[in-house]
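Protein chains: 2
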Amino acid sequence: MAGLESWHDGAAKAAIVDFVGRAVRDVAPQERVAVFDNDGTLWCEKPAYIQLDFLVRRLAEQVAADPTLTDNPAYRAAAAGDLAWFGDAVTQHYNGDDSALKVLAGAVLSAYAGLTVEEHAERVNAFFADATHPTLGVPYTACGYRPMVELLQYLEAHGFTNYIASGGGRDFMRPITTQMYGVPPERVIGSSVGLDFVDGNLKTTSTPEFLNDGPVKAVRIWGRVGRRPIFAAGNSNGDIAMMEYATAAPNPSLALLVRHDDGEREFDYVAGAEKSLQLAEANGWTVASMRNDWTTVFDGR
Amino acid sequence: MAGLESWHDGAAKAAIVDFVGRAVRDVAPQERVAVFDNDGTLWCEKPAYIQLDFLVRRLAEQVAADPTLTDNPAYRAAAAGDLAWFGDAVTQHYNGDDSALKVLAGAVLSAYAGLTVEEHAERVNAFFADATHPTLGVPYTACGYRPMVELLQYLEAHGFTNYIASGGGRDFMRPITTQMYGVPPERVIGSSVGLDFVDGNLKTTSTPEFLNDGPVKAVRIWGRVGRRPIFAAGNSNGDIAMMEYATAAPNPSLALLVRHDDGEREFDYVAGAEKSLQLAEANGWTVASMRNDWTTVFDGR
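Here the protein sequences line up with chains A and B, keeping their order.
If you're matching positions, the first sequence starts at 1 in the working numbering and goes up one per residue.
If you're matching positions, the second sequence starts at 1 in the working numbering and goes up one per residue.
These are calculated hints, taken from the structure and not from any lab test.
Watch out, some of these pointers could steer you wrong.
Copies of the same chain look alike in the list, so a pair counts if it works inside one copy or between any two.
[As the list claims (entries may be wrong)] In silico SDA-like links for lysine to any residue, alpha-carbon gap of 20 Å or less:
| id | residue 1 | residue 2 |
| --- | --- | --- |
| 1 | 203 | 225 |
| 2 | 203 | 244 |
| 3 | 275 | 199 |
| 4 | 203 | 248 |
| 5 | 203 | 250 |
Note that the coordinates shown come from a computational prediction; the quantities given were computed from them, not determined experimentally.
Please construct the entire structure, taking both the sequences and the accompanying hints into account.
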């Protein structure tokens, strides 16, 4: 049976093993539903969301084909390879200034508009076949956290069904989640633009359909699964609602919060996770410290 | 292996058997996705949608508790047990007059508002434990079509994964689809009101989130599954898009249209299915005639 080899013996591992034991004893297999955030929980989200690289490459491609787009600061930043501009737009948003984010959103939403979902998947596959992480220097598909992949396998070995519930793009994740996490497309919940049905095919639009973050994660999990999860793992304020959702029922349950406190092996940051860390303490959620609980962060290194 | 015992040997059965043989040969198991409409395809939808009974009972309960509601014709009809009023509202809608439907929609959307999804499921279970079909005189859970249940089992036995994609309420169907069809909640796609996340629980609102009909079925199937189905079964114009979606790709595929032409054993009607029957002929979709293709309509009778 799959173990948790990359977890130090400690409070986090003990809480997981204890919870799984109670779930196996008290919860029917079909009700053993586990949900995982992706960015920062299953794979690395720094220095920028991996999906942002996918989007910025497309903006650079578009502005190369149509130089008039440089009038728009998002395309200009993309053409210049200025990823910091995009990160700043998100930071400004968290500080209450949405002006740059609005410029960015328009470009991002239209970046892949008009493709069939199959064509979009081909672009995603081409991206992952080619792109490498800017500081780790390995393919993005090697940027999953080994202890979390072991946890996915450990839960599955104990009759759980794992879902991903991420703020990232549903159709951006689907092509690689089977390979990276053993989670097939039908168990990937994420954000999406609207789709149009045209001549027997589904095509992406530039209209947002929903942003799968915060309380929307709980709504989308129910919409997809029709069961309340008993396990939820996240790493940020956007995961609070699904962690509350998983732990509000009388069944055995566990909420696991990944803490990014390992500047040597990964990154050290709390921005965007402040409230979730407070609630973890207040509610007794389990915190997995990258530095203290994980013997290895990434597979093979 | 499960067979198709309630199907006469004929063109429809032959087309199914031939298709399944080609799918098993040419399509990887994870891509063998089948989608089924529910009302009129898996269970009886006449003389009225089963869910309408569930809603009208609730309206009658509400007007009994608050007699001022009789000012509203929908509650008045519910109190009087006048199901025909509701049927007429739908017919008028199809004839271009939405006035009664709008009155009806407001009442229907608010009928179960404010419940947690678990409380709503309890109401659904209580309804199915109690209610019987008005003309067939059996519990609604005995109103599934035996040949279609055999088809679900036949596909599953050949490595298919079955989903329901219905215009009916997602959370109205979920409590009984495992028992009736062997389809668990996570594979039920249907219409829904919006849900609010409140104190760790999900509660129904009176705001429609989406109506899972027509092209929306194709969008929702992709959203849920992340794969294009290769088999789609329906019985009405609302199923055209998903049948086109399933058959537009190069893989072996089958679209099956149930024709209600058996006034003795079930009902004989084409209203709402006119265009789908035309397209079935034009596109070579398989038509299953209740009268000619099914040896038995309902289990045990």
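Results for each hint:
no.: 1; hint: 203 x 225; in the structure: between (25 Å within a copy, 16 Å between copies)
no.: 2; hint: 203 x 244; in the structure: between (35 Å within a copy, 14 Å between copies)
no.: 3; hint: 275 x 199; in the structure: between (47 Å within a copy, 16 Å between copies)
no.: 4; hint: 203 x 248; in the structure: between (38 Å within a copy, 14 Å between copies)
no.: 5; hint: 203 x 250; in the structure: between (42 Å within a copy, 17 Å between copies)
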